[in-house]
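Engineer: Taking my numbering, the leading residue of the sequence shown gets 24, the next gets one more, and so forth.
A couple of the hints might just be wrong.
What the hints assert, rightly or not - Cβ-Cβ distance ranges computed for the label pairs, FRET-style:
hint : residue 1 : residue 2 : range
1    : 37        : 86        : 16 to 24 Å
2    : 79        : 39        : 29 to 37 Å
3    : 66        : 92        : 29 to 37 Å
4    : 83        : 39        : 12 to 20 Å
5    : 90        : 66        : 14 to 22 Å
6    : 107       : 65        : 25 to 33 Å
7    : 107       : 83        : 12 to 20 Å
8    : 54        : 86        : 13 to 21 Å
9    : 89        : 67        : 28 to 36 Å
10   : 82        : 41        : 13 to 21 Å
11   : 97        : 49        : 28 to 36 Å
12   : 28        : 82        : 17 to 25 Å
Hints are computed from structural coordinates only; laboratory data are not their basis.
The C-beta atom is built at its ideal place from N, Cα and C for all residues, glycine as well.
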Amino acid sequence: LQLERGAYAVVLATFQTERTAYEQVDVMRQAGIEAFVWPVFMEGSRYSRIMTGMFTTREAAEAHLKMLPEAFIKGAYVQKAKRNVVLYAKKRV
Numbered sequence: 024l025q026l027e028r029g030a031y032a033v034v035l036a037t038f039q040t041e042r043t044a045y046e047q048v049d050v051m052r053q054a055g056i057e058a059f060v061w062p063v064f065m066e067g068s069r070y071s072r073i074m075t076g077m078f079t080t081r082e083a084a085e086a087h088l089k090m091l092p093e094a095f096i097k098g099a100y101v102q103k104a105k106r107n108v109v110l111y112a113k114k115r116v
């Protein structure tokens, strides 16, 4: 998935470990949500955000957020990409 600068995505959760993030992505995908891990760096630490969708407007991203199952949206929010990001799905072993 390529998230272009200026596009919007729905951030569903943020985790300190990549492993935990990918475990949650597996659960979300089983529920029919196309989710990806978005690595971020804040204050010298690496985090793994789970995101879904790529939208050209904030309104479209917010509408998508409202359609997601309630179990997955606690603390979810819309974020605008500050730069181009390419997200790859990792094959779990």
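Engineer: The structure should be examined with respect to each hint, and the outcome stated for every one.
Structural biologist: Hint by hint, here is what the structure shows:
no. : hint                  : result
1   : 37 to 86: 16 to 24 Å  : 22 Å, holds
2   : 79 to 39: 29 to 37 Å  : 31 Å, holds
3   : 66 to 92: 29 to 37 Å  : 32 Å, holds
4   : 83 to 39: 12 to 20 Å  : 30 Å, violated
5   : 90 to 66: 14 to 22 Å  : 33 Å, violated
6   : 107 to 65: 25 to 33 Å : 19 Å, violated
7   : 107 to 83: 12 to 20 Å : 19 Å, holds
8   : 54 to 86: 13 to 21 Å  : 19 Å, holds
9   : 89 to 67: 28 to 36 Å  : 35 Å, holds
10  : 82 to 41: 13 to 21 Å  : 31 Å, violated
11  : 97 to 49: 28 to 36 Å  : 18 Å, violated
12  : 28 to 82: 17 to 25 Å  : 19 Å, holds
Of the hints listed earlier, those the structure fails to meet are numbers 4, 5, 6, 10, 11, in rising order.
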